[in-house]
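> Each chain, letter by letter, is given below.
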Amino acid sequence: MKHQRIRTAIATLLILVIPILASAVEPDEILDDPVLEERAREISAEVRCVVCQNESIDSSNADIARDLRILVRERLVAGDSDEEVFEFLVARYGDYVLFRPPWKAETYILWLTPFVILGIGGLSILVMLMKLRSKKPAAGERLNEDEEVALDEILKDGKKGTQL
Amino acid sequence: MRRFLLFIPFLIAVAIGGFSLWGLRADRDPSEIPSVLISKPAPQFDLSPLEGVPVPGLSTANLSGGDGPVLVNVFASWCVPCKAEHAVLTRFVNTNGVTLFGINYKDKPKEASAWLDNLGNPYERIGSDLDGRAGIEWGISGVPETFVINSEGIVIYRHVGPVLGTKAQKQVLEALVQAGLPQESI
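The listed protein sequences correspond, in order, to chains C and W. In terms of my numbering, the first sequence is residues 1 to 164. In terms of my numbering, the second sequence is residues 165 to 350.
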């Protein structure tokens, strides 16, 4: 029983860890400096592989992805900041290589449309709620005097416990 | 006003449908990567000649200053579509008088020169890009790729994949004319 629990725990841990290990970085690419290597990994995860386009260069086995990984590391060793590395890649491959599109005139629509739609939705709900609240019952919907009296009678009777 | 509001869902549906139709066009390639080089100077690179082939190497300086435009073709002996487009490029050179330069991408010089011996060498210059760095400067995503450069060294057109089929050939030739190739040569 105890064994089984340990086994389950190990299996769970493995399943959780596998995605972290899933990277195409080969041992000869890894930098000696762990800080630079960490930065290289973070940059690579944000850069699209131009061959297998839904993979980052960090997780792609394509030749060109490997070349770009090595290039990213070279730039970092040469003292480039993260921004400079991204600029270097964008100058050659365009914004397309970035998984996160930059915030600029051409991408305003892309970034803002969700908020605009959310705004329209919110506004419509607000308008609808306000309409509901301010809606007064029309003349025909009110009880006339006779009905009011009848209602009072019924309520009084009800309090006495009389069955209707 | 009320009537108009009723039409809003219909209009939204039409807009979304329009976008979807646009996305389904047969000639739209969603994985196409637009080149950042168009209308810009060709990138900086300097490649030594291909060993065993008697033509000079290729650098940025060779691209401009000639009489007309040049066609830069990225190729490799291991690339099958390159073999397919080789005949087209050779015809461009022989029939249309196009100046063709080659970048031999990540290839073994021995295999590349054997490949050219076998098929013929239409290239006036070939740069040997052993480590693929020049390829990255050109922003290529694979081989083959072909660029049209005008005599000022400005990139006019980029073709991804082999220049095969009437449409692709026409596009490249038209780009060459736009870059300064005499109209009557095509």
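Check each hint, because a few of them may be wrong.
Simulated crosslink set (SDA-like; lysine to any residue; CA at most 25 Å straight-line) [claimed, not checked]:
1. W:204 - C:75
2. W:204 - C:31
3. W:272 - C:29
4. W:272 - C:131
5. W:270 - C:31
6. C:135 - W:168
7. C:135 - W:204
8. W:270 - C:131
9. W:270 - C:130
10. W:272 - C:62
11. W:270 - C:75
12. C:131 - W:169
13. W:272 - C:66
14. W:270 - C:90
Just so you know, the hints here were simulated from the structure itself, not pulled from any lab data. All of these numbers come straight from a predicted model, not from anything done at the bench.
> Each hint should be assessed against the structure and marked as holding or not.
Checked hints:
| no. | hint | result |
| --- | --- | --- |
| 1 | W:204 - C:75 | 24 Å, holds |
| 2 | W:204 - C:31 | 35 Å, violated |
| 3 | W:272 - C:29 | 22 Å, holds |
| 4 | W:272 - C:131 | 76 Å, violated |
| 5 | W:270 - C:31 | 24 Å, holds |
| 6 | C:135 - W:168 | 23 Å, holds |
| 7 | C:135 - W:204 | 64 Å, violated |
| 8 | W:270 - C:131 | 70 Å, violated |
| 9 | W:270 - C:130 | 68 Å, violated |
| 10 | W:272 - C:62 | 19 Å, holds |
| 11 | W:270 - C:75 | 21 Å, holds |
| 12 | C:131 - W:169 | 16 Å, holds |
| 13 | W:272 - C:66 | 19 Å, holds |
| 14 | W:270 - C:90 | 22 Å, holds |
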